[in-house]
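There are 2 protein chains.
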Amino acid sequence: MYEKKDQVKKLGEFGLIDLIKNNLLIDPRNVVAGIGDDAAVLRQPTGELLLATTDMMIEEVHFKIDRNNGSKVGFRVMAANVSDIAAMGGKPTHALVSIGVRWDTPVSYIEDIYKGMRKCSIKYGINIVGGDTVFSPNNLVINIMLLGTVKKDKYLLRSKACPGDSIIVTGYLGDSSAGIDMLLNKYEIPKDFHSYLVDRHYYPTPRIWEVAAAQGAGKVTAANDISDGLGSELHEIASASGVGALIWFDSLPISEEVREVSKVSGKDTDWYALFGGEDFEVVMTVKPEDTEAVVSAVEKETGTKASVVGVIKEKSQGVQIIKEGLTIDLDKKGYDHFSKQI
Amino acid sequence: MYEKKDQVKKLGEFGLIDLIKNNLLIDPRNVVAGIGDDAAVLRQPTGELLLATTDMMIEEVHFKIDRNNGSKVGFRVMAANVSDIAAMGGKPTHALVSIGVRWDTPVSYIEDIYKGMRKCSIKYGINIVGGDTVFSPNNLVINIMLLGTVKKDKYLLRSKACPGDSIIVTGYLGDSSAGIDMLLNKYEIPKDFHSYLVDRHYYPTPRIWEVAAAQGAGKVTAANDISDGLGSELHEIASASGVGALIWFDSLPISEEVREVSKVSGKDTDWYALFGGEDFEVVMTVKPEDTEAVVSAVEKETGTKASVVGVIKEKSQGVQIIKEGLTIDLDKKGYDHFSKQI
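In order, the protein sequences belong to chains X and R. Each residue of the first sequence is one higher than the one before, counting from 1 in the numbering used here. Each residue of the second sequence is one higher than the one before, counting from 1 in the numbering used here.
Some clues are possibly wrong.
Keeping only pairs whose Cα atoms sit at most 25 angstroms apart, straight-line, the calculated PhoX-like set for lysine-lysine is [claimed, not checked]: (1) R:K160 - X:K332; (2) X:K300 - X:K219; (3) R:K21 - X:K9; (4) R:K160 - X:K21; (5) X:K160 - R:K160; (6) X:K115 - X:K64; (7) X:K64 - R:K9.
Rather than coming from a laboratory, the hints here were simulated on the basis of the structure.
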């Protein structure tokens, strides 16, 4: 696939660091010292709280190495972290990137990974201020730790949803999982539908500005990013807040493209929208009186669709969905990394 | 080695998280929200800068799985991060732990890793406030990201050493590499020497309090933790500061135990002390007039030996060592993870 001369082992650790350490500061204002010391030295804005999250991706589990996908993999792992910061009501600031590389990894693949991370970093103003590069005998490993900042009274927890709150989701649900299903099973669907879904899978758009718009327009009580499917995320909010939830199936934002894949694959649209996961959309619970203002602000300020998909209920009602006139229990069925892989 | 029922795959991801998420906050004062949300929410003390560092360790490269070493591996990866914070003049505060586990990893081994991390966390007052658990098909992977805090005027960079500054190191050099050399090659040396060196390898003591004592007693201009050997670290300081350095071989703090291993292995004590690496001691450059006060403060306040091993020179002199009356260039020869492994 690649020529031998293009392998990491020719560079050694320090050569690799030299290759990747440039142009990693996008917004250097609060960086006192970045790469090149034992730790990064950072200034934290007064009156703001610090957010910290991390995601690890491993070759064969989360991605496969392919000549054309280094940049996508890099973008995606950064975006997954940004999505976590979005769901907390924050803005991302600084990242540390650890990478474990096989000795035969093509240098250009590593460069592509960093290009993808930078593509995402530029979009959200993130500095890469440090990291670790090590040898990995079998699988390429990428771990990103992302810091963010949030105003003292604006951070969003899973545990603050109240009965009566509206449940709002950003964007469309199921695009990412329909995209991957289509790629894996080579379903034939119209070309523009195909590229839309593949893009939604490879380049998810963390909802930083959408959550900010929502918080500017009304009282958001809780939030979660939709990485494991709406079903799983709602159960997390319900469990943390001690509440129940009711979802209206007909209100779920399902794209025309997902409906098309659903026809060809024979899988229900529910499967993609509720359990598919990895959309990196955000589910928010919002005070009922602010519902309209929040939806309108998100759509006007960001151009992203916002949909009211249900309502928070008392704990005793559990997590349910109304579909075709029937109210049924909505299973968790979130994406469990181990059970899916094993 | 282990029974099958004791494997991670029986637990699944969420079961594993449940198992490890308890008792991870050692000093919860500045933790607004820890594990259980998309990101940790942390308070940063006013007037202090934030430090952030990360280290990745991969099975087969940095450790091998053995019934008795889970706790040691956990301690060591946390200690490696603490050492980076020490070298910046800071105190560690919060950690995020990512772990990639094989489906057949014994649950008790994962528990032991966390026990080891907690052992180190308790010692240095560190909260584990988040992380990621994923499946890894071949090798166990641990990534720790550690945050710390440092007073605005007290952070230490590699780049501020000046000609004339004294070079001071904490503790003894080469103990860790002599320990691992002894384990790998099964050298026979007296039992108490053996256990001292093995302990120095498995349970290194990051020099948080020693650097604080030094900074309290005089002007420390630059610092580096000794993870890749003194030779390599001095080259880093010299290169970053635009200076040279002269080391007096006879002043290097080499333990009786390393001298004993050296006799049996036939390797010079230099090899262990200058190039062996992973001691997690700290090398500091200190204003000449403060040298005595710094050495005395470190030894009195912490009980750790502090040794003046050389002096910073002009850049044109390079990095040199005086040994047996001869002044010779001190090679970098640091531990390069790739070239060593490949």
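### Query
Is it true that the CA of X:K64 sits at most 25 angstroms from the CA of R:K9?
Given that 25 angstroms is the threshold and the Cα spacing comes to 22 angstroms, the pair holds.
### Query
Within 25 angstroms, alpha carbon to alpha carbon, are X:K300 and X:K219?
holds, 18 angstroms
### Message
For R:K160 and X:K332, compute the direct alpha-carbon distance and say whether it is at most 25 angstroms.
### Response
Given pair R:K160, X:K332 is violated - Cα atoms ~55 angstroms apart, limit 25 angstroms.
### Query
Keeping to a limit of 25 angstroms between CA atoms, is the pair of X:K115 and X:K64 held or broken?
holds, 17 angstroms
### Message
Checking one constraint from the list: CA of R:K160 to CA of X:K21, max 25 angstroms. Satisfied?
### Response
Distance of about 21 angstroms is within 25 angstroms: holds.
### Message
What's the verdict on R:K21 and X:K9, does the C-alpha distance respect the 25 angstroms limit or exceed it?
### Response
Roughly 38 angstroms between the alpha carbons, so the hint for R:K21 and X:K9 is violated.
### Message
Checking one constraint from the list: CA of X:K160 to CA of R:K160, max 25 angstroms. Satisfied?
### Response
violated, 48 angstroms
Against the hints set out earlier in the document, violations occur for numbers 1, 3 and 5.
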